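Q: Work out the full structure: start from the sequences and follow the hints.
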Amino acid sequence: MGTETELRFVETICLPLLRSAQNPDGGWGFQPGSESRPEPTSWALQALIQSSWPEIPEPAARAFQFIRGTQLPNGSWPPAPGAKTGCWVTALTCWVLLAEKNSANAVAMGLDWLCKEWPRDSTPWRRVLAKFSSQRDVFPVNNSYRGWGWTPGTSSWVEPTAFALLAFGECPAELLPAAAARRRKLAELMLYDRMCPGGGWNCGNPLVYGVAGEPLVIPTVWALLALRNQPQRSENILSLDWLEKNVANMHGPGSFALARLCLEAYGRKWPSDAPDLGDFHQKNEFLRNVQIAAWISLAWRTKRHFLATQLSSTETS
Amino acid sequence: MNARNTALVPSFQRPLSKVLIRRASDYEEDLTSVIYESLREFHLSMKDKTVLLKPNLVGLDPLGVMNTHPAVIAAARESFLRLGASQVLIGDGPAMDRDTEAIIESVCLREFVGPLARTFVDLNVDDVERVALKTQASRLKELYLPKTALGVDFLVSMPKLKTHHWAGVTLSLKNMFGVVPGSCYGWPKNILHWAGIDRAILDINAVARPDFAIVDGIVGMEGNGPIQGTPKPCGVLVLGDDPVAVDATCCRVMGFNPGRVKYLARAGTLLGHTEASKIQQHGESIASVRKPFAVPDAFRHVLE
Numbered sequence: 001m002g003t004e005t006e007l008r009f010v011e012t013i014c015l016p017l018l019r020s021a022q023n024p025d026g027g028w029g030f031q032p033g034s035e036s037r038p039e040p041t042s043w044a045l046q047a048l049i050q051s052s053w054p055e056i057p058e059p060a061a062r063a064f065q066f067i068r069g070t071q072l073p074n075g076s077w078p079p080a081p082g083a084k085t086g087c088w089v090t091a092l093t094c095w096v097l098l099a100e101k102n103s104a105n106a107v108a109m110g111l112d113w114l115c116k117e118w119p120r121d122s123t124p125w126r127r128v129l130a131k132f133s134s135q136r137d138v139f140p141v142n143n144s145y146r147g148w149g150w151t152p153g154t155s156s157w158v159e160p161t162a163f164a165l166l167a168f169g170e171c172p173a174e175l176l177p178a179a180a181a182r183r184r185k186l187a188e189l190m191l192y193d194r195m196c197p198g199g200g201w202n203c204g205n206p207l208v209y210g211v212a213g214e215p216l217v218i219p220t221v222w223a224l225l226a227l228r229n230q231p232q233r234s235e236n237i238l239s240l241d242w243l244e245k246n247v248a249n250m251h252g253p254g255s256f257a258l259a260r261l262c263l264e265a266y267g268r269k270w271p272s273d274a275p276d277l278g279d280f281h282q283k284n285e286f287l288r289n290v291q292i293a294a295w296i297s298l299a300w301r302t303k304r305h306f307l308a309t310q311l312s313s314t315e316t317s
Numbered sequence: 001m002n003a004r005n006t007a008l009v010p011s012f013q014r015p016l017s018k019v020l021i022r023r024a025s026d027y028e029e030d031l032t033s034v035i036y037e038s039l040r041e042f043h044l045s046m047k048d049k050t051v052l053l054k055p056n057l058v059g060l061d062p063l064g065v066m067n068t069h070p071a072v073i074a075a076a077r078e079s080f081l082r083l084g085a086s087q088v089l090i091g092d093g094p095a096m097d098r099d100t101e102a103i104i105e106s107v108c109l110r111e112f113v114g115p116l117a118r119t120f121v122d123l124n125v126d127d128v129e130r131v132a133l134k135t136q137a138s139r140l141k142e143l144y145l146p147k148t149a150l151g152v153d154f155l156v157s158m159p160k161l162k163t164h165h166w167a168g169v170t171l172s173l174k175n176m177f178g179v180v181p182g183s184c185y186g187w188p189k190n191i192l193h194w195a196g197i198d199r200a201i202l203d204i205n206a207v208a209r210p211d212f213a214i215v216d217g218i219v220g221m222e223g224n225g226p227i228q229g230t231p232k233p234c235g236v237l238v239l240g241d242d243p244v245a246v247d248a249t250c251c252r253v254m255g256f257n258p259g260r261v262k263y264l265a266r267a268g269t270l271l272g273h274t275e276a277s278k279i280q281q282h283g284e285s286i287a288s289v290r291k292p293f294a295v296p297d298a299f300r301h302v303l304e
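Taken in sequence, the protein lines are chains A and B. Here the first sequence is numbered in our numbering, starting from 1 and rising by one per residue. Here the second sequence is numbered in our numbering, starting from 1 and rising by one per residue.
Simulated from the structure, these hints should not be mistaken for lab results. Watch out, some of these pointers could steer you wrong.
What the hints assert, rightly or not - Taking lysine-lysine pairs in the DSBU-like style, the calculated list, with each CA pair at most 35 Å apart, reads: (1) B:LYS147 / A:LYS283; (2) B:LYS18 / B:LYS262; (3) B:LYS47 / B:LYS147; (4) A:LYS131 / B:LYS141; (5) B:LYS278 / B:LYS141; (6) B:LYS18 / B:LYS141; (7) A:LYS185 / A:LYS101; (8) A:LYS269 / A:LYS283; (9) B:LYS262 / B:LYS278; (10) B:LYS147 / B:LYS262; (11) B:LYS291 / B:LYS278; (12) A:LYS84 / B:LYS141; (13) B:LYS147 / B:LYS134; (14) B:LYS49 / B:LYS147; (15) B:LYS134 / A:LYS84; (16) B:LYS18 / B:LYS47; (17) A:LYS185 / A:LYS84; (18) B:LYS278 / B:LYS134; (19) B:LYS147 / B:LYS278; (20) B:LYS262 / A:LYS84; (21) B:LYS47 / B:LYS134; (22) B:LYS134 / B:LYS49; (23) A:LYS84 / B:LYS147; (24) B:LYS49 / B:LYS141; (25) A:LYS101 / A:LYS303; (26) A:LYS245 / A:LYS303; (27) B:LYS291 / B:LYS262; (28) B:LYS262 / A:LYS131; (29) B:LYS141 / A:LYS116; (30) A:LYS116 / A:LYS101; (31) B:LYS134 / B:LYS262; (32) B:LYS147 / A:LYS116; (33) B:LYS49 / A:LYS283; (34) B:LYS134 / A:LYS116; (35) A:LYS131 / A:LYS185; (36) A:LYS283 / B:LYS47.
The model shown is predicted, which means the values in this text are computed figures rather than measured ones.
A: Printed below as a string of structure tokens:
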């Protein structure tokens, strides 16, 4: 939820920005007036659905249509219309399409593509080669744990892995591919393996040349949300502590909004010394980024949390 | 897309390149005067042009040691405006963290440049255009690149003088990895690593070639760069109209043989000059500002 000032800020700045930035094709670009893309459309749509929950607002129908229309024949979604290769955005589009009954087939195809998409760095052959590589100590991670890459044919990374886990986690059982359970298990192990030594996550390099990687807010949030079914694990608690401690020093509104979503999902209190939301906007107008306006709308809202299952404060205290 | 010249010209057909080294002891100096006077020596025709400054913004950096310093960015912006540019944008697409605003706020760019909502372009989320890679040095046949970077009249690469644990050095050519949009390829842009960093550097610079380079070597970074290295005060700015020649000169300042930096040696065949005989050095001599940098063990072969 939020204070009255914060909720008014969302009502007067963020939601109007989202509503006015929708393109005639039903999608959103990353900024008002820019070309529609599946990723910002998914987030804008999540925010609008949540803001009018339990009703589905009228513009949502056109947005759903845009998203379905950009799906590739193999079930995946590309990062931009016209591109021929699917990517991590598939998890985000599947996730938001779960809100619409007509999209069940599109979601099933998308999740099936995700299940078949394995990272290239951790094939059995690559793992054998890695044992003899001179670089094996540079990134000491366990490659038998496998998540998802940003794009096909690359390595596992924290954020795309977390997005896939969130999409699978929100999906009703009847739409889940048979391989989903195994993929989820491996992906959760991979996320824990990639946690930074003091808690939190960066893109997926916990240790480089023997130096501990610095965690970053956004990957930490997505990893924690993806792993929120294990709230008592020491890694979760350590990472939540790191996130909570850093709220007061956050420089970016995107990190700030996502940190709030995450702490709230775990039932943690929002720190009293957190910066003012309006100050972030005064600085650079969020660089006019539609996706950040959507994240803020999801974090400061009057309705339910956008994740179907959130934890109560008693579970994590 | 505009008509900036990105034709590939063999080294023997290219005119001599010009590189200028200026001393600047710290970021408190009047850097606008230093950069403006330096740019005037290149006789650039900037009237009514749109310029994009592409600094190297790699991560949260409250101490100002890993990113191009905002004082240098602001001074370059002011200098190009004084030379008649109609608009000078600043843009980058950080590779490891998608919270670009957090990065630019952590380095206090707004304090130096003013409000950034319409001056700064987050290249990670800009509109994109499909570009066929004409060099095909890597296995990538095409890339989606930001329309802003492709469409401006004048593109300036503004790296920091740093070593890099995968590429040896990161200067004005490697800095162009930042134009590859995270919204298409992720954070990090891992597809470039799988394609081969050295080869991908060539492919990107062949299609989004900087017209000019200004290297922030006032405080560089040595050792395990580009993020976890050690600050290296050098007190120089290196400027030039050929990014390859600028990078080769920077290597010599750092005590490296540019011919042993794999991507730079290849760039010297099609994109610019690396040979000392083909680079007109102005300002300070290389010998007078030379400061040998420590490199990761894997790159000891680049030492002169």
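Q: Indicate, hint by hint, whether the structure satisfies it.
A: Going through the hints against the structure:
no.: 1; hint: B:LYS147 / A:LYS283; in the structure: 25 Å, holds
no.: 2; hint: B:LYS18 / B:LYS262; in the structure: 22 Å, holds
no.: 3; hint: B:LYS47 / B:LYS147; in the structure: 22 Å, holds
no.: 4; hint: A:LYS131 / B:LYS141; in the structure: 31 Å, holds
no.: 5; hint: B:LYS278 / B:LYS141; in the structure: 31 Å, holds
no.: 6; hint: B:LYS18 / B:LYS141; in the structure: 32 Å, holds
no.: 7; hint: A:LYS185 / A:LYS101; in the structure: 28 Å, holds
no.: 8; hint: A:LYS269 / A:LYS283; in the structure: 26 Å, holds
no.: 9; hint: B:LYS262 / B:LYS278; in the structure: 19 Å, holds
no.: 10; hint: B:LYS147 / B:LYS262; in the structure: 29 Å, holds
no.: 11; hint: B:LYS291 / B:LYS278; in the structure: 23 Å, holds
no.: 12; hint: A:LYS84 / B:LYS141; in the structure: 13 Å, holds
no.: 13; hint: B:LYS147 / B:LYS134; in the structure: 18 Å, holds
no.: 14; hint: B:LYS49 / B:LYS147; in the structure: 16 Å, holds
no.: 15; hint: B:LYS134 / A:LYS84; in the structure: 19 Å, holds
no.: 16; hint: B:LYS18 / B:LYS47; in the structure: 21 Å, holds
no.: 17; hint: A:LYS185 / A:LYS84; in the structure: 30 Å, holds
no.: 18; hint: B:LYS278 / B:LYS134; in the structure: 25 Å, holds
no.: 19; hint: B:LYS147 / B:LYS278; in the structure: 33 Å, holds
no.: 20; hint: B:LYS262 / A:LYS84; in the structure: 32 Å, holds
no.: 21; hint: B:LYS47 / B:LYS134; in the structure: 30 Å, holds
no.: 22; hint: B:LYS134 / B:LYS49; in the structure: 26 Å, holds
no.: 23; hint: A:LYS84 / B:LYS147; in the structure: 19 Å, holds
no.: 24; hint: B:LYS49 / B:LYS141; in the structure: 31 Å, holds
no.: 25; hint: A:LYS101 / A:LYS303; in the structure: 21 Å, holds
no.: 26; hint: A:LYS245 / A:LYS303; in the structure: 27 Å, holds
no.: 27; hint: B:LYS291 / B:LYS262; in the structure: 21 Å, holds
no.: 28; hint: B:LYS262 / A:LYS131; in the structure: 26 Å, holds
no.: 29; hint: B:LYS141 / A:LYS116; in the structure: 24 Å, holds
no.: 30; hint: A:LYS116 / A:LYS101; in the structure: 24 Å, holds
no.: 31; hint: B:LYS134 / B:LYS262; in the structure: 19 Å, holds
no.: 32; hint: B:LYS147 / A:LYS116; in the structure: 33 Å, holds
no.: 33; hint: B:LYS49 / A:LYS283; in the structure: 27 Å, holds
no.: 34; hint: B:LYS134 / A:LYS116; in the structure: 32 Å, holds
no.: 35; hint: A:LYS131 / A:LYS185; in the structure: 24 Å, holds
no.: 36; hint: A:LYS283 / B:LYS47; in the structure: 30 Å, holds
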